[in-house]
Amino acid sequence: MNPDTHTTTVEDAKNLGLTEQEYESICELLDRVPNYTELGVYSVMWSEHCSYKNSIAQLKTLPRSGSRLLVEAGEENAGLVDIEDGYAVAFKIESHNHPSAVEPYQGAATGVGGILRDIFTMGARPIAALDSLRFGRLDNQRTRFLFEGVVKGISNYGNSFGVPTVGGEVFFEDCYCDNPLVNVMAVGILKADQTASATSGAPKKAVMILGARTGRDGIHGASLLASREFDEKTEDMRPTVQVGDPFYEKMLLEASLELIASGIVIGMQDMGAAGISCSTSEMSQKGRTGMNINLDLVPLREADMSAYEIMLSESQERMLLVIEEQDIAQAEAICEKWDVPIARIGTTTDNGFIQLHHNGERVANIPVESLVLGGGAPVYIREQQEPVYLNETLAANPRELIGSITPSDAFNQLLESPNIASKRWVYDQYDSMVRSNTVQSFDSDAAVLRLKEVPGKGLAVATDCNSRYVYLNPYRGGAIAVAEAARNVVCSGATPLAITNCLNFGNPYNPEVYWQFAKAVRGIGDACRSFDTPVTGGNVSFHNESQEKAVYPTPTIGMLGLIEDLNHITPAGFQNKGDLIALLGEVGNELGGSELLSTLTEKVAGDAPAIDLEVEKRLHLTLLTAIQNGYISSAHDCSEGGLAIALAESSINSKEQTLGADVG
Amino acid sequence: MKIGVVVFPGSNCDHDAYWAIKHNLGINAEFLFHKEHDLKGCDAIILPGGFSYGDYLRSGAIARFSPIMKEVIEFANSGGLVIGICNGFQILCESGLLPGALLRNRDLRFISKFIHIRIERGDTIFTGELNRGDVLRIPIAHGEGNYHADKATLQRLEENDQIIFTYCDPKGNVSEDTNPNGSQLNIAGIVNEAGNVLGMMPHPERACDSVLGSTDGVGIFRSLITAREEVAV
Amino acid sequence: MFKAQVDVMLRPAILDVEGKTVENALRSLGYENAGHVRIGKHITLKIEAESREEAQRIANDISKKVLSNPVMEDYTVSVTEIETAEAA
Amino acid sequence: MFKAQVDVMLRPAILDVEGKTVENALRSLGYENAGHVRIGKHITLKIEAESREEAQRIANDISKKVLSNPVMEDYTVSVTEIETAEAA
Chain Z
340 MNPDTHTTTV EDAKNLGLTE QEYESICELL DRVPNYTELG VYSVMWSEHC
390 SYKNSIAQLK TLPRSGSRLL VEAGEENAGL VDIEDGYAVA FKIESHNHPS
440 AVEPYQGAAT GVGGILRDIF TMGARPIAAL DSLRFGRLDN QRTRFLFEGV
490 VKGISNYGNS FGVPTVGGEV FFEDCYCDNP LVNVMAVGIL KADQTASATS
540 GAPKKAVMIL GARTGRDGIH GASLLASREF DEKTEDMRPT VQVGDPFYEK
590 MLLEASLELI ASGIVIGMQD MGAAGISCST SEMSQKGRTG MNINLDLVPL
640 READMSAYEI MLSESQERML LVIEEQDIAQ AEAICEKWDV PIARIGTTTD
690 NGFIQLHHNG ERVANIPVES LVLGGGAPVY IREQQEPVYL NETLAANPRE
740 LIGSITPSDA FNQLLESPNI ASKRWVYDQY DSMVRSNTVQ SFDSDAAVLR
790 LKEVPGKGLA VATDCNSRYV YLNPYRGGAI AVAEAARNVV CSGATPLAIT
840 NCLNFGNPYN PEVYWQFAKA VRGIGDACRS FDTPVTGGNV SFHNESQEKA
890 VYPTPTIGML GLIEDLNHIT PAGFQNKGDL IALLGEVGNE LGGSELLSTL
940 TEKVAGDAPA IDLEVEKRLH LTLLTAIQNG YISSAHDCSE GGLAIALAES
990 SINSKEQTLG ADVG
Chain B
36 MKIGVVVFPG SNCDHDAYWA IKHNLGINAE FLFHKEHDLK GCDAIILPGG
86 FSYGDYLRSG AIARFSPIMK EVIEFANSGG LVIGICNGFQ ILCESGLLPG
136 ALLRNRDLRF ISKFIHIRIE RGDTIFTGEL NRGDVLRIPI AHGEGNYHAD
186 KATLQRLEEN DQIIFTYCDP KGNVSEDTNP NGSQLNIAGI VNEAGNVLGM
236 MPHPERACDS VLGSTDGVGI FRSLITAREE VAV
Chain L
2 MFKAQVDVML RPAILDVEGK TVENALRSLG YENAGHVRIG KHITLKIEAE
52 SREEAQRIAN DISKKVLSNP VMEDYTVSVT EIETAEAA
Chain W
2 MFKAQVDVML RPAILDVEGK TVENALRSLG YENAGHVRIG KHITLKIEAE
52 SREEAQRIAN DISKKVLSNP VMEDYTVSVT EIETAEAA
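Protein chains in written order, with the numbering used here: chain Z, 340 to 1003; chain B, 36 to 268; chain L, 2 to 89; chain W, 2 to 89.
Pulled out of the complex, with its shape left as it was, chain Z reads as follows:
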């Protein structure tokens, strides 16, 4: 009896992370009991990571279209924004939290590899990467191990692949001690008329697999890991470590871009979580076709892999490609030049089914619609309940908690806080200048890149999220995350265009977590509507918890801004002696969730600072107009540590580190 095709039970479903109801609806959709391979495909396609089953209902409330968007959010692998002059920018942020908790170096490295593939699968050449990292406290030995491994993994993958890592953030907060957050963002540029789409196109086309051989990497890797909390038994997950090869990915990049430029690509999608299962079904849904796949043709790294293993493998550096049959020879020639293997594994069909054959036997016959988001994949609206902790945190009075302290003592302690101190140890390990486009990177509010393709124009990119604020007031925290990201690109001289988001939350089956999630998404949506920066896509990562507690709700925002004229580029550090210093916006004495409070008392309490989205919008326009009129020599956003730290940072990063500030 072939284990791949033995009929399954509800027990099998539970072992694969599916609920009893989900197993029943699979049986209904198939009108029979699924075999083991089919159940495996459903288990990864209906996992949190691929189906967004617990989040899609909320995500739909976000503004997801806009004049500059060339694709609706979720339609393609990454957002696509028109920057005129015939060019567009693809960008996206994704999380690789759970693999990084198991093996920090490879977890982070494969996270970079995955997000880069999402960009070049659309035909865009990656020109920048950013990483938003959160760890436990630095006095914990395990945290230092995770921190060093993650930074080294990002550094080596990005540097070797040849994309500059130009920005990001690093936070240390106790709630992340066993469950670090590793969010990686990538930005790419392409001709607006040369984009590739993740579609199967039409029936009778050749389905090709491009890139690395398929091994037993990460089976139940990203997909299942994302549905389980971490506790002491992490150790027995050890074998599922995926290994990234940045050198191979660079070859894959060049081959993919040359294939797309040659005009023979009907559709292309990178293989992320759920590998072949996800790419075949999602491309088929978009192209309204089916696919006949012969798994015997998939180049394997290990002998005698089962159909189940081949379909669920998450081996890195692979793409699925759909081309005309008569173009196979040309595709092979291009791949040969870059030493990248390509193999035909099947054909598109018109019956809307994914049919898999292995060792001469049909091992799966699954209706495409039943598998995918927007099709048969379940959608849940979870129960919400206002968290109990808010009674305590909102009642607290941060000013009292801080007690009496002299301004200079407070200032010095803030400067020593790891969340504020210089992150040079991290970013000096990143090649931030490869591709020679980088005008500003880590010592400014947003990374700024000049565009060789569009002389005179530039891009500003930033990632932001203060998860303490979101913990204390999810709605406000969500809005503030977008506002701060917008402020950062505006301070650099750019007009905010659009965002991508990486929503890191706890267990959605916990009503308090789901309340946080729903409220934060509302806050993000309102802010995006107010600033006219639509959401172009991103990623949701649930089950971020360690021991019993959920991590602080962390909706990381990646903001893309356009610099119309390179002369508008504005540094964060003071430039000239004698310049006047002005503060835009009022100073409320709000210390809720402040760095000062947590540095002095290790408490996160009070309410998040108030935010008026209309005032915020006017602030952006005012600053941007002043910059465009040449009045501004530097601009810096007040964030953690408030005005005092903002002045300190502008002095530390001033021209030749020589300038200070005399504040009346």
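In short, the hints are calculated from the structure, not lab data. Glycine included, every Cβ here is placed at the ideal spot set by N, Cα and C. A couple of the hints might just be wrong.
[Said to hold, decoys possible] Keeping only pairs whose Cα atoms sit at most 27 Å apart, straight-line, the calculated DSS-like set for lysine-lysine is: (1) 491(Z) with 42(L); (2) 530(Z) with 956(Z); (3) 4(W) with 4(L); (4) 57(B) with 70(B); (5) 4(W) with 186(B); (6) 956(Z) with 796(Z); (7) 206(B) with 994(Z); (8) 21(W) with 186(B); (9) 105(B) with 148(B).
[Said to hold, decoys possible] Chain L residues, not near chain Z, derived (Cβ > 12 Å throughout): (10) 9; (11) 12; (12) 19; (13) 31; (14) 33; (15) 34; (16) 49; (17) 50; (18) 54; (19) 76; (20) 82; (21) 83.
Guided by the hints, dock chains B, L and W onto chain Z, whose structure is given.
For chains B, L and W alone, kept in the frame of chain Z given last:
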């Protein structure tokens, strides 16, 4: 005048070198793919920075066996002008065109930042337009830039004045504090005995455009071009 | 005085990207008959201990806790006695 | 079928920065009696050859030309016969 930029699998600064030569210096440039056997009549060759073959085994260990390297070695041995930048310098050492080797950085970490290098000789093909003692502000980005050679080789390098660039401070002082990676004698760049092959760890192609923060790299390429034009005429 | 030689290798199931690249290079250089290249670390260290068994115990402990990453790597240790003066 | 094990180490005269760092880590973890740590590469590969001598010759050739850089490294090679089916 045409300068060839070799592209190995994993080179990622090839586009940057090409752009600097073509757009910042206005000189014709052409990519030379590692599988080819023809330098296409180029007057000078650049081995660019990057992670050829992923830096696996040793930086440059595999690239040196590429078909194109046979041509580059022949070209260099017959007096042709060659610059190896970062990974290119490692490949020149691995292929024997330059003495010594590049070991892991002293602090075992990748380093990417602007540094200063001092020009030790103003009379070479690569520094003709510059002066001895000038200080250039040029970025480095490497994990294996710790130049090493045995005593005899170091002595020969000093006697033949083959050390062209050393890591220094903004005022030109060379000391252990200004050494980013542990290189012996703060060596940042050397030439072969004949003086026609230069290997350097800093990236001059990243310092040829004021928008990027420095144009100190232009002098090195300008020197190469002028030297080549004088020979050709 | 004892000398420990420790070999730390990736587990067989885990993709050795470096070994794979070197293998391809050897092929293209004409070493058709060489394959299955895997690259790991060879670590040597000197241990002062009363007996070979104690030196072996210390070497094992160091290999397990410091020299190898249990998530992805296996290790083998061999310990030999050496004259105190001998170079490592 | 033969299996070659190649150890490539930095020449003794060269400062082994990685070894030094590991040595400091061992000290801080209380392994007072361990020292002189040196770290190099352990490379395994399989070679098809008629005889052990031929396999040894090939292994030496590969080690000398590709696997090590004479300017900074020494290597040692050991070759053993294995069943064709045996894993690397």
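Subject >> Ascending list of hint numbers which this structure does not respect >> reply: Violated hints (numbers, rising): 2, 5, 9, 11 and 12; every other hint is consistent with the structure.
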